[in-house]
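Quick mapping for you: the protein sequence lines, in order, are chains D and Y. First residue of the first sequence? That's 3 in our numbering, and the numbers climb one at a time after it. First residue of the second sequence? That's 980 in our numbering, and the numbers climb one at a time after it.
In case anyone wonders, no lab produced these hints; they're calculated from the structure. This structure is a prediction, so every number in the text was calculated from the model and none was measured. Zero decoy hints are in this set.
In the DSS-like style, the derived pairs of lysine-lysine whose C-alpha atoms are separated by at most 30 Å in a straight line are:
no. : chain 1 : residue 1 : chain 2 : residue 2
1   : Y       : LYS1045   : D       : LYS339
2   : Y       : LYS1076   : Y       : LYS1128
3   : Y       : LYS1076   : Y       : LYS1045
4   : Y       : LYS1394   : Y       : LYS1076
5   : D       : LYS186    : Y       : LYS1045
6   : Y       : LYS1128   : Y       : LYS1394
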Amino acid sequence: MAIRDDVVVIGGGLAGTTAALAAAREGASVRLLSMQTSTLRHASGLIDVLGYASDGGAGGDRDGPLVDPFAAIPSLPADHPYRLVGVDAVREGLALFDEAVDGRLRYFGGHTDRNALVPTHGGTVKPTARYPASTAAGLAAAPGDVLLVGFRSLTDFDAPLVAERLSATGLPAAVAGVTVDFPKSFRDDATVTRYASALDADEPVDRAGSGAPTGVRAALAATVEPHVERTGADRVGFPALLGGDRPGAVRTDLADRLGAEVFEVPMGPPSLPGLRLEAALTAALDDAGVRRTTGDPVVESEADGGRVETVAVDATGRRVPYAAAAFVLATGGFAGKGLVADRRTVAEPVFGCRVPAPEDRTDWYDDDPFGDHAFARMGVRPDDRLRPLDADGAPEFENLYAAGGVVGGADVAAENSASGVSLATGLVAGRNAASHAPDTP
Amino acid sequence: MSDAPPSPDDPPTDAPATDSAPTDAPTADDPAADDPPTPSETGADPVAAFDGAEMDLRPGADNCYKCTACDTSCPVAEVDDEFPGPKFQGPEQWRLKRKSDESVDASIMDCSNCMRCDGACPSSVPLSQMHNVARAEYVDEELSPFSRKYVRNRVLANYGTLARFGSRFPGVTNALMGNRVVQAITERLLGITAEREFPAFAAETFRAWWAKRGGDAASRERAREARRERGEAGETKRVAYFHGDYANYNTPGVAKALVRVFESFGYAVCVPEQRCSGTPMFANGMLDDARRAARVNVETFAALVDDGYDVVCSCTSCSMALRQEYPELFDIEGIDRVAANTYEALEYLRIHEDLRGVLDDAEVDAGDFAYHAPCHARNQGLDRQAIEVFRDLDGVGVEDVGPSCSGISGTYGWKAEKYETSMAIGEEMFEHMEAAAGETGMTECPTCAMQMEHGTGYEISHPLELLEDALV
Chain D
3 MAIRDDVVVI GGGLAGTTAA LAAAREGASV RLLSMQTSTL RHASGLIDVL
53 GYASDGGAGG DRDGPLVDPF AAIPSLPADH PYRLVGVDAV REGLALFDEA
103 VDGRLRYFGG HTDRNALVPT HGGTVKPTAR YPASTAAGLA AAPGDVLLVG
153 FRSLTDFDAP LVAERLSATG LPAAVAGVTV DFPKSFRDDA TVTRYASALD
203 ADEPVDRAGS GAPTGVRAAL AATVEPHVER TGADRVGFPA LLGGDRPGAV
253 RTDLADRLGA EVFEVPMGPP SLPGLRLEAA LTAALDDAGV RRTTGDPVVE
303 SEADGGRVET VAVDATGRRV PYAAAAFVLA TGGFAGKGLV ADRRTVAEPV
353 FGCRVPAPED RTDWYDDDPF GDHAFARMGV RPDDRLRPLD ADGAPEFENL
403 YAAGGVVGGA DVAAENSASG VSLATGLVAG RNAASHAPDT P
Chain Y
980 MSDAPPSPDD PPTDAPATDS APTDAPTADD PAADDPPTPS ETGADPVAAF
1030 DGAEMDLRPG ADNCYKCTAC DTSCPVAEVD DEFPGPKFQG PEQWRLKRKS
1080 DESVDASIMD CSNCMRCDGA CPSSVPLSQM HNVARAEYVD EELSPFSRKY
1130 VRNRVLANYG TLARFGSRFP GVTNALMGNR VVQAITERLL GITAEREFPA
1180 FAAETFRAWW AKRGGDAASR ERAREARRER GEAGETKRVA YFHGDYANYN
1230 TPGVAKALVR VFESFGYAVC VPEQRCSGTP MFANGMLDDA RRAARVNVET
1280 FAALVDDGYD VVCSCTSCSM ALRQEYPELF DIEGIDRVAA NTYEALEYLR
1330 IHEDLRGVLD DAEVDAGDFA YHAPCHARNQ GLDRQAIEVF RDLDGVGVED
1380 VGPSCSGISG TYGWKAEKYE TSMAIGEEMF EHMEAAAGET GMTECPTCAM
1430 QMEHGTGYEI SHPLELLEDA LV
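Excised from the complex, chain D in its bound form (with noise of 0.2 Å):
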């Protein structure tokens, strides 16, 4: 026997997540099935729906950064994710991560359509369609000069190399950057949530010269405030560890200490903006009645005239069998394992599904490191409700659905694509996958 439910959703990033709540939400019992935690905390915490476009031509030119990434759909290459789903569906996915987060984590940029510009630890800035409360006042487009503050201690932001390059963008703000002593010394090589935790927790610290104990935090904002009174910055960004649990009472801290607004800088894995994310949308999945099983991997499938019956995970040679009326794959892209590539061949490993790939490996890749590299866009091809397809453009199991990073299509990286593909994508594959379920109570 299997365990079972009306829908299985293999893979726990924001495509599965994603998937599981619009599937719940059709009255569908739903499991999901994720190998690790969730790679959400690799992630920025920054949901993207579309920074750059590209007609998908040769060259690799591409426009943006993008104002209005909805109004840039319909001219996207007619096999895009988004174009296979509509505008429509990417709305209603960014509505459904709206709806997820709401009162457990706040999100802005939901009152326009317009991108909006948020420095990255790159000195870059990202368009994006949402984007975390701590990371607001360090828009591009807000008023204010800005000043970074990096750490000596965290090699990973380095402030003024971050303010040269944010400059170098054409930001209408100034742009300084600083690197001082974190207040409190922690071993060698610490982690970005030692000093979230450190912050959260307000923990003591000794005060050079008085030995009088203080908070962290006061510590922090005496150690910036002469930069902020030199540089006359009204916006204060720091990496991005400014408290676990309580993100927001850590920047209204400093920021009433500092006189000026404060922000986080998003930073790369493990990232507190990530975290948080999973967090807040783990939440939701129980909330919604999702069951979650997480640690073993998928590994195979067994299906009976075009419909998949079960799927096994695999815990050091068990197999543990789950089935449904509906499967949702959304196991991510290469670097998920979602999908895997050896030197002649490109691979869907769960179900063995089509992944078109050029003969000749060569062609794989762009001579340009920048260029349009067919890899990036490497995927199995679904059909308009999602359902991968064969060599012969039909589906390959009646009730398979792909969402997120597994489809093909989309160069996510370069047109900063990720998130909204993958709400997009596991809106469509979760709803159309509950269609499948038993009627339900």
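The hints should help you fit chain Y onto chain D, whose structure is shown.
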């Protein structure tokens, strides 16, 4: 098997030389049958890469791209600023040791073996395996067998041996171990914290109860009767129970619940002679002790698997050991067959029976529970199982107290020098338990249960006991 209590002094009949080449049914296309494979041939499979006496961890180390996801998931690193974290203990230390004759850093003993790093790594680095290997090397080479720490760790790691004697006179032992003076002495002499109360030995061990009840034969009869009532006559349903030491000596109620629940579904339960799973031995770097225990268990349960039994466990650390740590660390005939056929008890019923349907129709008057998922349940995909199973049952509320670690990690929190760390890790769980509606705790892990009780004063139940309440 003889009745003599196995002790740390057991003669090592299992000569380690046999570990050098896998003997597990080599076939023509099994690369292990021929020359030792090179890492490039084996990819990331650490077991296939056994190279002489030492396993090759290079593919695992090479997979690490230093994202530090493991460090942010480590409960010890979260409260102990001195602890370098799993990334250092695993791939970084492994690499450092390639270049020079560095000894393993003493901080490896601060790792609690919770194995959460395994589940956090996006790149399949076998972190806990690397930690187990490094810890064993440290204990072998840096810790004198005459040191207080070694003796203490050996005693804790071989808790089952102690329990075998202690449980012969449970009243005396319990009185003795509960005595403040005795506790002060064990702290002073052995470094076992006096802050905790030793778990009481049951008046009657599970095995004594089992024998008195008629053993395997009586279970076969009860199961046959149940199958007749269920209209499943003619079917063969049987499981072999790996109860481990704790359920035998300390919480026989859990073991009895497993037996009754499985029999009610028509399963004949077999309870073979067995030893400790080895979990406390891995965690203390006592790999030789663990290998001896594993050998007995694998031989016993592999034979039962060959006879058509599946193996069920009531403790998630025991099932973790049989499934993951055994094949990662040892090379014993049958080890993969045992791993592939071992299940946590509820998991087994979820797969093989209509547990949801049965519980939908059942009802209890059990109130609310504050449930904590043990770390070792996480990597087996079981951390949400109890919540999921009991939400279909009327008359009970089971609430998840969150993803934090309880902090005790088996023998870890029993060590005087680790007690503070252990309690600091547990703080979040204690708070969430107190915020939860239930005033009874629930968990699958016996030492998590000790910590939950120690931190909140709650009584702690096991999911199998609630299932017994609902079904039997």
